[in-house]
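Q: Using the sequences and the accompanying hints, generate a full structural model.
Take a look at the letters that make up each chain.
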Amino acid sequence: MSSQPMQPDDRRMLTLRLGVLQYLLATVFAALAVSFWMFQVADHERFRDMARNNHMRRLPLPAPRGVLFDRNGKVLVQNQDVMNIVLFREQTKDIDDTLRILVQATGTDFAQLKETVERRRKDPSYRPIVLIENASRPQVVAVAARSLEMPGVQSQPMPARKYDGTIAAHLFGYVGEVSEAQLSRADYKDLGAGAIIGQAGVEQAYNRLLMGTEGYKAMIVNSRGREIGKPIYEQQAREGNRLQLTIDADLQKAAEDGFAHFGVVNSGKPYNGAAVVLDPRSGEVLSLVSLPAYDPNKFAVGLDAATWKSLLTDKAKPLSNRALQSTYSPGSTFKVVMATAAMEEGVATPAFRVHCPGGASFYGRWFQCHLKTGHGSLDMRHAIEKSCNTYFYTLGNMLGVDRIHKWASALGLGQVNGIDLPNELSGLVPSTEWKRREKKEKWYAGETISVAIGQGQVNVTPLSLAVMMMTVANGGTRYTPHVLKAIDKGKGWEPFAPPPPRSAVRMKNSTVKTLRDGLWLAVNGAGTAGRARIEGADVSGKTGTAQVISLTGAERARGKIDVRDHGWFVFFAPRDKPEVAGVIFAEHAEHGYYGASIAKHIIQTYYAKKHGKPLPSLVEPPPTTIVADAVAPARPRSGGN
Amino acid sequence: MFERRLFFHVDWALLTAILLLAGIGVAMIYSTTYVTLPSGEGYAGSQVRTQLYALAIGLVALIVCLAIDYRILAEHSLFLYAGLAGLLIFVLFKGSTQFGAQRWIDLGPFNLQPSEFARLVLALMLGMYYGESRRGARNSGDLVIGGLFMLLPLLLIAKQPDLGTAVTLVPVFLGVVYLAGMRMRLLAVIALAGVLIAPIAWKFALEPYQRSRIQTFIDPSQDPRGAGYQTIQARITVGSGGLTGKGFRKGTQGQYKFLPVAHNDFIFSVLAEEKGFIGVLVALGLYLFVILRSLEAARLAKDRLGAYLVGGIIAGFSFQVIYNVAMSAGLAPVKGITLPLMSYGGSSLIATMATFGLILNVRMRRFTN
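Those protein sequences? They're chains B and F, same order as listed. If you're matching positions, the first sequence starts at 0 in numbering that gives the first Met the number 0 and goes up one per residue. If you're matching positions, the second sequence starts at 0 in numbering that gives the first Met the number 0 and goes up one per residue.
Hints listed in this document are in silico derivations from the structure and should not be mistaken for laboratory results. Quick caveat: nothing in here was measured; it's all calculated off a predicted structure. Even for Gly, the Cβ is constructed at its ideal location relative to N, Cα and C. Incorrect hints may appear among the rest.
[What the hints assert, rightly or not] Only part of the chain F face toward chain B is listed, based on derived beta-carbon distances under 8 angstroms:
1. Gly180
2. Arg184
3. Leu185
4. Ala187
5. Gly238
6. Gly241
7. Phe276
8. Val279
9. Ala297
10. Lys301
11. Asp302
12. Arg303
13. Ser317
14. Ile321
15. Val324
16. Ala325
[To be verified] Distance windows between CB atoms, simulated:
17. F:Arg248 with B:Met37: 22 to 32 angstroms
18. B:Asp80 with F:Val281: 31 to 41 angstroms
19. B:Ala41 with F:Leu147: 42 to 52 angstroms
20. B:Tyr22 with F:Ser139: 20 to 30 angstroms
A: Set out below in structure tokens:
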């Protein structure tokens, strides 16, 4: 062995240097131990939470919205599961790459997906972002097949609203993602982006009741986002409250069928327009129609931009609920108000007679009656029956605009009637005070003459005319029209306490009797509304026409807009103990009596149901082309309208 | 060769500590590589068996390195050194490639990683070189020659590329020359030069990915999904362990693979997660015991060769342990430096066991001539 033995010098140095090394290493180890102490003991809770966030995922379980029933317990709106393709950002390394693969797999539009993700970038990253709503079966399969390439993209069943086609679309409304503007409002503050809320109709008005409570489950996931084992915590979603509406599904269908059928019969295509049928004993809405309709199912599964745009720009304004969000000149239906006002104010008795030579002169101007040859001498009943302008000009002149305004208001015209649906308009019945306030001008007595036959400044919603007929029919109580009848919060049906009447007057018996007689005659006598006559049903009503006012004569000349008059028919039945009251508004129907045909079908349906007979059917089955799109099953999002 | 009385001079405490650490390593590998089927049943990963085989072979290697007098081994160190260089060159051309680096020789049933044996050979070589010279490492000429001995394998390994393993040769060299009497002033100069060169090296010598690794280490939140990911996850893993840990096979970070290749470079993080601060203290204590006990062996060594040999080996070992433990808590940039005795890796375990055979050897023969 040739090794060098240790010299004392070497030994000394070695021992010294080893000693230094010893202390150095011991110190480093102590420092390591302290560091681990800091992480593992001092700062443990923070890291524990971070570890939990890593491997625990909270999956929201969307709550199905409450089911809507009609007054007889028939299901109107329910839910169905659709597949959504969602993105969990927390598991995605490169969102752009992932989206590109998804676009390839599903044939969607990259820019649109990207925009969706951008819009939701502030959400917590565990919250799934819905990229493709109501994905088609091939899309779901394609996503499953390529799931390894795009971690974080999954298909998720999602309860979506299911409506029966377009029926009562405006009444039900539609649902959609809460908008950013809505999120900043107090009533939606507690919702997260992406929440589905009612955006119109009952869905909006009773959104809180219908929404239910979102549940969630906590899952363990590995670093690839794969769920491991069973959920460690699960809170089921609670379905929204079930609501029973005052609507009668059969009356609703009868009304909508009527517009389609008589429109085709009379003018070659379905009528657009509105209808409201109320129970005059309570203000319950039995049916509420606005046409053209849209398909709320399309909103339920996510509306694509093209369809939305076409709905917004459609000249026929399918999104507007004509029954309460549009106002029209009431025309001759306003004569019911005039008669009421005159008799209640004592200006005229039922026996008050006016001679009609085909018009009359007031304040130096000649006002025409619609019958140029004149009606001769008429009392109140027959003036209503024949709709004599001259008679009502005279009443208007005797009453003055303010007393007309007073009674129109008492009957619900020019007023918000408080229906439990969003965005009801009030319409307008002028008064001297109104003119002073709005126009800073004095009211001219001559203007009253036009008002007396429902023209001039008078503008009303179809709903308010229905309220007017209801109030007349029940003798003066202006019930608040409402669509909610009962709520089931999970413990059985509780009746919904209807709102108190908006106003009530006690009309004289003679007034009520005279109105009933006059309106009965209009249908059953020599009046204009004979088409609504039903043997034994004592339908009472009044037609009217509303002139379409064109802004520019040029447009009218070029035929850009339809200038045919709108037709009104207001009604109640039966005459003596009214059970239904309502309005039919048929756009460009030219005559109110076409609306009377629709009303007849509704009232027949009402009686057939009441007496347990088979429901009437319209003789020719009308083509079902009320809207561009009928019930739409899944369609690719790229499709327009 | 192996006299009976030598048996009584074997440092059983050190050997026990080494085996304990290796045992903890196997347990942690078992935990992180356990495969759970969707049915809930599961089985141990194949890595456990491989590691157990390596441990057995390592024990044989330890006994061999213990049985042959280290002086004889040292006399053949030039031969061993040449063999190592040959293998490293072979690997560069014919080695098998895994994870983007060419480090292994495919020997059929297992892969051999020659670089893991570089520390052992270098320590022998340097121990021999300085131990046999009267002067030790007192003048700079000697330092340069020793440095060149280090540089050859270092460059060959760095070329694979395996910078992590290559770098571990530096402490071996420093450990030997430190004990061999390198002037402290020179050490200070080297340290100062290092500080001055660092910015230049930063700019010119480092690859962009290496720079980004260091940057993200300093601020992991810069790139939490990319390079900073491991650092962040390592801290979470360690920190979430708490005082007593989440329990064996109950660590979420390791079990659900948030920490990549946990059974390898981050085995200590898994230990910290599942066994908590207490487990960390036990393991650190064992490592410190092994190191101090080895330093003791160096102090007791009969000759300079033995002392330098042990010093070189234990310096490399300590560096690896300290760096890896720091890294496992996110306290050092992520670098492919394994935790000796515990990390998964056959060659590493066998080579480490062999080096401890040498250390035991030096201590055992402290009285022999």
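Q: All hints are to be evaluated individually against the structure, with a verdict given for each.
A: Hint by hint, here is what the structure shows:
no. : hint                                      : result
1   : Gly180                                    : holds, 6 angstroms
2   : Arg184                                    : violated, 14 angstroms
3   : Leu185                                    : violated, 14 angstroms
4   : Ala187                                    : violated, 14 angstroms
5   : Gly238                                    : holds, 3 angstroms
6   : Gly241                                    : holds, 5 angstroms
7   : Phe276                                    : holds, 4 angstroms
8   : Val279                                    : holds, 5 angstroms
9   : Ala297                                    : holds, 6 angstroms
10  : Lys301                                    : holds, 7 angstroms
11  : Asp302                                    : holds, 4 angstroms
12  : Arg303                                    : holds, 5 angstroms
13  : Ser317                                    : holds, 6 angstroms
14  : Ile321                                    : holds, 6 angstroms
15  : Val324                                    : holds, 6 angstroms
16  : Ala325                                    : holds, 7 angstroms
17  : F:Arg248 with B:Met37: 22 to 32 angstroms : holds, 26 angstroms
18  : B:Asp80 with F:Val281: 31 to 41 angstroms : violated, 54 angstroms
19  : B:Ala41 with F:Leu147: 42 to 52 angstroms : holds, 47 angstroms
20  : B:Tyr22 with F:Ser139: 20 to 30 angstroms : holds, 27 angstroms
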